[in-house]
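Put together the whole structure using the sequences plus the hints.
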Amino acid sequence: MDQDKTQLTEFLLRMGDNALILGHRTSEWCGHAPVLEEDIALANTALDLMGQTQLWLTYAAEVMGDGKTADDLAFLRDVWDFRNLLLVELPNGDFGQTLMRQFLFDAFQSIHLPRLAKSSDPRVAEIAEKASKEAAYHVERSADTVVGLGDGTEESHNRMQAALDRLWPYIGEMFASDPVDAAMAEAGIAPDPANLRTEYDALVGRVLAEATLTVPESTFAHKGGRTGQTHTEHLGHLLTQMQWLQRAYPGATW
Amino acid sequence: MSKEWPLWEIFIRGQHGLSHRHVGSLHAPDAEMAIKNARDVYTRRNEGVSIWVVEANNIAASAPSEKGPLYEPSESKIYRHPTFYDIPDDVGHM
Amino acid sequence: MYAQMIQSEASQDDPQKLAEFQARIDADIKIEPRDWMPEGYRKTLIRQIGQHAHSEIVGQLPEGNWITRAPTLERKMILLAKVQDEAGHGLYLYCAAETLGVSRDDLTEQLLSGKMKYSSIFNYPTLTWADIGAVGWLVDGAAIMNQVPLQRTSYGPYSRAMIRICKEESFHQRQGFDIMMKMAQGTEAQRRMAQDALNRFWYPSLMMFGPSDAESVHSTQNMAWKIKMNTNDELRQKFVDQTVPQAEFLGLTVPDENLAWNEEKGGYDFSEPDWSEFFDVLKGNGPCNTERLEARNKAWDDGAWVREGLLAHAEKKRARKTAAE
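From first to last, the protein sequence lines stand for chains A, B and C.
Per the numbering used here: the first sequence = residues 43 to 296.
Per the numbering used here: the second sequence = residues 9 to 102.
Per the numbering used here: the third sequence = residues 2 to 326.
Quick caveat, the hints were computed from the structure, so don't treat them as lab data.
A few of these clues could be false.
[Unchecked claim] Partial list, derived from the structure: chain A residues whose beta carbon lies under 7 Å from chain B:
| # | residue |
| --- | --- |
| 1 | Glu79 |
| 2 | Ile82 |
| 3 | Asn86 |
[To be verified] To be clear about the criterion: a stretch of chain C counts as covered by chain B if any three or more of its residues have a C-beta under 8 Å from a C-beta of chain B, and this derived list gives those stretches:
| # | segment |
| --- | --- |
| 4 | 31 to 45 |
| 5 | 87 to 95 |
| 6 | 100 to 112 |
[What the hints assert, rightly or not] Keeping only pairs whose Cα atoms sit at most 30 Å apart, straight-line, the calculated DSBU-like set for lysine-lysine is:
| # | chain 1 | residue 1 | chain 2 | residue 2 |
| --- | --- | --- | --- | --- |
| 7 | C | Lys318 | A | Lys175 |
| 8 | A | Lys175 | A | Lys265 |
| 9 | C | Lys227 | C | Lys284 |
| 10 | A | Lys160 | B | Lys44 |
| 11 | A | Lys172 | B | Lys44 |
| 12 | C | Lys299 | C | Lys116 |
Just so you know, these numbers come straight off a predicted model, no measurement behind them.
Cβ atoms here follow ideal geometry from the backbone N, Cα and C, with glycine treated the same way.
What follows is the structure in structure tokens.
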């Protein structure tokens, strides 16, 4: 595969794997949420993310051109081949941590996807156009919940602050540009994520202030997920479950 | 036991220029969340719909005993109903 | 069925009013929340709709058990959408029950304490992927037998909930059968899984309709009130007659040596399930009763701070708005 294709594939895997892993995590809530209305809403979010996964990974498989499918990429790669952010593979924690993670991710998506919708690559633009509408609703809903729980009872406030403190070190990775991002930006396929940080900080800062939460001072960032350099130990367990049938019965059709 | 979220009645207008119709109820802490929940529960996020939410407590309803006087006068005005008129087939759809 | 063994409540009401009420039902006029109704009718409906709603919510668990292990992206989405529908159906039914003067939280508390029941079928485990097929095919298939006629039930809000549910439910049984077809046409291991799933779910599915109630006074009263539309035996027979040819199409064997077509009655003869097992499951001794109630209790308890937090915020917002005005 030539250099351009390799980099485009990397980029598409990053998009697809984020949606896949977060969609999977969100789907773990189905049947266990604090109230029926939230159960249904979380399932909608998970369904949107799984739908996006299929689009990104199908395109990734096409660019790779070796006859693989989106399912092959989702179910037959091991940890080191995944390209998602560390943030999305972390365990759900309590409902507050799940919604805080959702908001921190949605906020990025709501800024990133509308720009991708203007991509020079028509397929990327088409997928992003659809996904950005979903992300706009997701961020509205998760922001409302973060505000509601942050500015709710003392207990809900403390839990949301703990969630924010726990997740904050995983934000920086979203904006850590590398040569793949540089190549995408150069080709007009995707914006350099480093350039989105200011807008992101403004959005997140506004919501967290309304939620009466304190943004942690540390700028330390865990990295490695989107480059594939490293992952948390949690991803392997997630894959063990997700890939079980495909691994145990190779070649079967489901 | 903690306090239950209030009950909301949900009215939705579809894409076809009809009026809002009662589709069901749900629980939500406030009107804003009730609209969002309605979107997730009752429209599965169809674009282009309009949602009204009313807290169930705020709905005034006619008493069942009033059923006679309130409804019977209009029942006699069958000319208000389109099927009252027998239009010849040749005229086409009306 | 999703509501099993519903006892009717005796009514001690004015005979004149009772007669008028029954006449309305006989004339297929719907009863609406603010209409007069016998206390027994109201209580029986709360019990039945509540149990039906609980079954939808507890029913999320055995299928939810496989969402994180679904074998393809598409299967994962279909299963998630289906289990989400069940949450929605539970929600519609709780709302219908609420029109009768009971709150959702009251009903929930009664489920969690074990005071109210849910369908026996959800106390059986889903062990392999074929079980997800079998649940859709058999369990939803059995449920539909009951839910379609309930669209015509006498109580307006219940009837409207059932209409919405039946509309959304149409894909559930089909997706289950679709899984079974793939399994039955698949590898040797998949065929074994499919047969094993049918073996384990056949009799529990027959139990869903409840024991014979042809002689039951409760059943007679509930049918007169049109909150029960058919006897348990009628529905069970219909289910067997519909399902056996489908099993044959799949090349699977229904685990019943006595199964035989009876020309005279125009239906299959079949073996009764083990009713002692059914009563054990109802008493709490099914394979998964403990896990199911634990899971529901955990979700409710862990979620308390969320429900309280969001409500507290709504109240603060309202207070701030009032202060500003």
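Do the hints match the structure? See the list:
| no. | hint | result |
| --- | --- | --- |
| 1 | Glu79 | holds (4 Å) |
| 2 | Ile82 | holds (5 Å) |
| 3 | Asn86 | holds (5 Å) |
| 4 | 31 to 45 | holds (count 4) |
| 5 | 87 to 95 | holds (count 3) |
| 6 | 100 to 112 | holds (count 4) |
| 7 | C:Lys318 <-> A:Lys175 | holds (28 Å) |
| 8 | A:Lys175 <-> A:Lys265 | holds (28 Å) |
| 9 | C:Lys227 <-> C:Lys284 | holds (28 Å) |
| 10 | A:Lys160 <-> B:Lys44 | holds (29 Å) |
| 11 | A:Lys172 <-> B:Lys44 | holds (20 Å) |
| 12 | C:Lys299 <-> C:Lys116 | holds (17 Å) |
In terms of the numbered hints stated before, the structure departs from none.
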